[in-house]
Amino acid sequence: MSRDAEFVRQWIHAFADRIEENKALLTRLDSAIGDGDHGQNMVRGLRAARQSIEDDDIAGTLRKVAMSVISKTGGASGPLYGTFFLDAGRNASGETIDLSDWASMMRAGLEGVQRRGKAEAGEKTMVDALIPAIEALEDAASNDGNWPEALQDAASAAEEGMEATTPMVATKGRASYLGERSAGHQDPGATSTYHLFAAAVDANDAWQS
Amino acid sequence: MKKLINDPDHVVRESLEGFAAAHPDLVRVSFDPTYVVRADGVPDGRVGVLSGGGSGHEPMHNGFVGRGMLDAACPGEVFTSPTPDQMLAATQAVDAGAGVLHLVKNYTGDVMNFEMAEEMGEGEGIDVRSVLIDDDVAVEDSTYTAGRRGVGGTVLIEKLCGAAADAGHTLDEIADLARACNDEVRSMGMALTSCTVPSAGEPTFDLGENEIEIGIGIHGEPGRDRIPLESADEIVERLMEPILSDLPFKEGDDVLLFVNGMGATPIMELYLCYRKALQLAEAHGLTVVRNLVGPYITSLEMAGLSITILRMNERRTALWDAPVHTPGLRWGR
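Residue numbers (the numbering used here), protein chains in the order written: chain A, -12 to 196; chain B, 11 to 343.
In case anyone wonders, no lab produced these hints; they're calculated from the structure. Don't take each hint at face value.
Just a sample of chain A residues kept apart from chain B, beta carbon distances all over 12 Å, derived [as the list claims (entries may be wrong)]:
| no. | residue |
| --- | --- |
| 1 | D17 |
| 2 | S87 |
| 3 | D88 |
| 4 | E98 |
| 5 | E125 |
| 6 | P135 |
| 7 | G171 |
From the structure, some residues in chain A lie toward chain B, with a derived Cβ separation under 8 Å [to be verified]:
| no. | residue |
| --- | --- |
| 8 | A63 |
| 9 | A108 |
| 10 | Y164 |
| 11 | A193 |
| 12 | Q195 |
By construction, the Cβ of each residue, glycine as well, lies at the ideal position given by its N, Cα and C atoms.
Could you build the full structure based on these sequences and the hints that come with them?
Shown next, in the form of structure tokens:
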């Protein structure tokens, strides 16, 4: 079974919806260890992103989303999510994608995030949710898994990765200035990244129905 | 929240509209993407000097655009980095064929957005150099953090680089000057009260009635210590000691001493603190050849101050004395 550009559009809309719904939570998490603007910035960037979406192929859709996110988000999230979408889109060719294409797109996005932000696993960043989610997708793809289960596994893995950031001590970004005091708080970037993967589950439900 | 605003979402835009209307002789403001450029344009063959960062630190950076300092500035939302499309448009606007210098304060968002802008600018065939400014000695453990933050030294480096561009120096020479100055400038700040980001509506951090934060960042990032309120002289000593010992500044050094207000500090208190800072600098064997006192890199309505010391030499003193005509800083002609 393959997915098309409509699935990708649904994914972006679902991500934007989830960020709107969770804006207050993201603000609260970011106020504890950052500067409190993650919710507001992501909402601004994704509103622009969903407005930019037209009847395009997958690569074109993600390119427009990336450019909107880069130009409207600000902070560190703009370049990080923008690079994620840009690099994921560069790895999408053709009208449809299968599960292994999706996994490689997400992998390319992760590599872009790490190139831009220079974060490794365990530094209390979005990378801590991205890595387990993408590993789950790759597992499913190599075992001939189906879309709904693979996307659900990825979302669950992202959620666990997000929760695992709570005890971590931040060494990247503004939270790093807190040192040990950053422990005990869930990372806001990992939290929005969990919603990115949960949004793929929402999109798949919408796409199938 | 008690502020002179209309809508938290319109603060930056409405302020820029007023800024543009107040200084049409010095600056032009463009919106979407948003940037400020000098009104008279960059002369052909002269290097463009550009900076940018979150709003809320006025007069930095917009207020330093004009003649003899910045050619362009990119304001972000309050305390939020501007975006690469703003930086690219501003870079294109001030490229007069000799390239454009980006002066970037060391914050994760600013660094990433400027990196993307540099890549985009080079894609457009513009010679772009970026220099990171990270002068805040309050950050002790640079290995396990995003590193030292760019604070007061930024104002001084923007002035010196603008003067060097006016003097006809090349992009590489001005970038080298910026890096050399960054290596020899140190700052530390403190807060008496917090500030409130308009869109957040709540104070950024809680500080008790008789508490102060030593080593505060310009966005309310935590400092080194939270201690009970002390006398001004004691507070100035607490800021000067780590600054002097970090470089270290040594006997016989010529320096520029900059006492900066965080936004809500009375000028009277800044001069009171300058008096003590000067005594301590002289007792350390330094010669204060130039100074700057006032609110130049602020943090909304935070009360407090920061102290910055830059090692000077003949060239830097001459560049400092060169004429500057901007909304935020002006002397000479």
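Claimed clearance of chain B by E125 of chain A, with the beta carbon kept past 12 Å: Check passes; 27 Å lies beyond 12 Å.
Hint check, A193 of chain A versus chain B [nearest Cβ-Cβ separation less than 8 Å]: violated (30 Å)
Restraint check, 8 Å cut-off on beta carbons, for A108 of chain A near chain B: The hint is violated - A108 of chain A has no Cβ within 8 Å of chain B, the shortest such distance being about 16 Å.
Evaluation of the interface hint that places Y164 of chain A against chain B, nearest CB under 8 Å: Nearest chain B Cβ about 5 Å off; hint holds.
No chain B beta carbon within 12 Å of G171 of chain A's: Holds, because the least Cβ-Cβ distance between G171 of chain A and chain B comes to about 15 Å, which exceeds 12 Å.
Check on D88 of chain A being off the interface with chain B, judged by Cβ distance over 12 Å: holds (26 Å)
Least C-beta distance between D17 of chain A and chain B, which was stated to exceed 12 Å: violated (10 Å)
Given hint Q195 of chain A near chain B, where the shortest CB pair must fall under 8 Å: Nearest chain B Cβ about 36 Å off; hint violated.
Non-interface claim for P135 of chain A, where every Cβ of chain B lies beyond 12 Å: Given a closest Cβ separation of 35 Å, the condition holds.
Hint check: 8 Å Cβ-Cβ cutoff, A63 of chain A to chain B: At about 4 Å, which falls below the 8 Å cut-off, the nearest Cβ of chain B leaves the hint on A63 of chain A intact, so it holds.
12 Å cut-off, C-beta based - E98 of chain A kept clear of every residue in chain B: holds (15 Å)
Interface-negative label, S87 of chain A against chain B, beta-carbon threshold 12 Å: S87 of chain A is indeed farther than 12 Å from all Cβ atoms of chain B, at 30 Å.
Hint violations for this structure: numbers 1, 9, 11 and 12, all remaining hints satisfied.
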